[in-house]
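Trainee: Here is how the chains run, residue by residue.
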Amino acid sequence: MKRAHLALLALVLCLAALPVFGGSYALRLGTMAGLYAVLALSWTIVGGFAGYPSFATAAFFGFGAYATGILLGLGVPFVVSVALTAVAAFALAGLLGAVLLRLRGHYFAIASLSLVEVFRELVNNATDLTGGGMGLNIPLAAGTGVLQEAIFFFYAMWGLLLLTALMAIVVASSKLGFGLACIRQNETASNMIGLNTTLYKSLAFGLSACSVGAAGGIYAAWVHYIDPSDVFDILYSVKPIVMALIGGLGSPLGALVGAFVYLGLEETVWRNFIQFHSGLLGVLVVMLLLFLPHGMLSFSSVVRLPWRRLKHV
Amino acid sequence: MLAVQVLINALVLGCLYACIAIGFSLVWGVLNVINLIHGSMIVLGAYLAWGLYQAFGVPPWYVLVAAAPAFFVLGYGIQRLILNRVITAPVLVTLTLTFGLDLILNNAMIYLFKADYRKLTLVPPMGSISVMGVVVPVDRLIATAAALVLTGLLYLIMRRSRIGRAIVAVRLDRDAAVLMGVNISNIYAIAFGLGAALAGCAGVLMAMIFPISALTASTYLGKAFVVCVLGGLGSVSGALAGGLLLALIEGVGATFIGPAHATTLSFALLIVFLIVRPQGLVGRKGFE
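Going down the list, the sequences are from chains A and B. In this text, residue positions in the first sequence follow this note's numbering: the first is 5, and each later residue adds one. In this text, residue positions in the second sequence follow this note's numbering: the first is 4, and each later residue adds one.
It should be emphasised that the hints constitute simulated quantities derived from the structure, not laboratory data. Some hints here could point you the wrong way.
As the list claims (entries may be wrong) - Partial chain B-side listing against chain A, Cβ under 8 Å, derived:
id : residue
1  : V94
2  : V96
3  : T99
4  : L104
5  : N110
6  : A111
7  : Y120
8  : T266
9  : L277
10 : V279
Glycine is no exception: its CB is placed at the ideal position from the N, C-alpha and C atoms.
Modelling step: build the complete structure from the supplied sequences, incorporating the hints.
Mentor: Here it is in structure tokens:
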């Protein structure tokens with residue numbers, strides 16, 4: 005385990021303790037931070053390690069939210085629902101990945117983007133199961149107070165974040181991570197020397213979707229009401245990419261830091277410019293890409309940066 | 004009679020889809036940039052037509068003359084000032100950058116015009132032509148004809164003009180074009196400007212037929228994606244073929260399966276095409 009990985013775990017554990025001393029606003033913000041960090045870390049496994057520009061995060065986030073929501077509605081316990089959701093997301097993404105990951109570059113980006121649209125339409129039309137455009141109500145856990153529940157979901161999300169961080173570390177330091185780095189640098193060559201690239205890419209896609217799905221599940225149980233335009237919002241696909249760009253592509257620690265920085269910026273903008281918040285988000289994205297080049301250039305090995313070491317995890 | 008009506012509708016709608024997609028296809032084909040602002044530019048064009056008609060009673064087909072140069076300048080500026088800086092960066096960067104620009108434009112439109120749907124209602128109404136039970140509204144026919152004219156115009160620019168040949172040259176072999184003395188960043192900006200001009204004009208035509216709202220931008224963008232992938236990248240004939248095929252499949256799907264599944268059908272088709280025939284119906288060699 006490398007120093008950067010230890011720093012990653014330490015950061016997760018330290019920040020997990022913080023909101024307990026704050027009020028309910030800090031708890032809400034803390035839960036959002038956990039959610040964003042899970043999404044950014046998961047995206048890093050596909051987009052950072054393997055170098056595939058995936059826009060499918062929103063698809064699996066929505067899938068997870070609906071799967072957990074429906075299971076909870078059937079009376080399945082919370083932990084079991086989320087675990088089942090994660091397994092289902094892994095299987096679904098692995099299967100879809102085996103097909104979609106044959107595409108590269110722009111074509112993969114579009115295919116993953118359209119996955120979100122397809123899932124949303126399917127959920128919209130399966131009115132009997134999902135409530136369609138009316139949305140889905142998720143039952144409240146009986147007998148607990150509002151604050152207890154907020155604390156419970158905060159720890160649920162941060163527990164998931166810890167698991168995701170551990171997963172990213174294990175992937176990075178295993179044969180899988182090495183294979184993904186090979187695929188990022190030269191897929192054709194990796195394939196020629198006998199690396200099963202399809203299997204590796206599908207595994208990475210599945211693992212990424214697995215934690216995204218679980219995060220969607222916890223989110224659904226936390227907010228108690230979801231509808232297709234909320235959980236299949238394309239912004240859930242784009243935000244993790246922006247976070248990873250802020251922190252530096254391909255580094256799990258960078259993704260985590262990027263997620264927290266991004267949340268801070270977003271919250272400031274939301275509080276002060278509610279009418280124009282997504283426009284300012286756009287300004288932020290443009291400024292970031294134009295004037296903070298380490299995020300976008302860390303893809304190439306031309307630039308030497310102090311944290312470049314972290315990239316080749 | 005139903006089959007003929009579905010076919011006619013698909014023909015009319017297909018030409019409009021081609022017009023929506025052609026500028027998007029040009030930018031993607033020549034610059035290798037997926038231009039996510041395209042949908043919002045279409046809506047901006049629609050608002051332009053709506054505003055001019057509400058304020059001065061200018062009919063949409065006259066607005067086309069003003070919209071084309073205005074959007075060209077807008078697109079040229081965006082490419083020159085912003086996109087050219089990152090044009091050589093990986094896919095993820097250009098894609099995320101145009102997404103950021105789209106957020107700005109889209110949010111600005113929602114802020115200015117609110118999220119309400121608006122409709123450009125021509126007074127007096129144009130009515131419709133009915134031949135043996137097949138009904139076609141006149142305004143749709145005019146919009147279709149205009150879309151065909153715009154598409155033909157782009158074809159002529161690409162085939163006959165010096166700048167068009169330069170764009171094709173850059174598309175076919177960027178390095179060779181540089182060696183022949185083509186100013187790459189200028190050609191990129193002109194191609195992006197042309198794409199924006201076509202988006203604006205398509206928006207003006209859309210205003211005649213469909214309700215206008217900034218929220219519909221993503222729908223137009225989705226159509227442009229599908230048409231591009233179906234027809235093949237960076238070709239006028241490809242956009243026409245893709246537009247007609249998409250409209251036909253949507254029409255048949257909506258009639259025989261149900262309108263709720265039209266989007267799923269078109270996106271499922273997109274994924275199938277991406278996997279089976281990523282070069283599209285017409286192939287993707289050169290912009291002709």
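Trainee: Which of the numbered hints above does this structure break?
Mentor: Violated hints: 7 and 10; rest satisfied.
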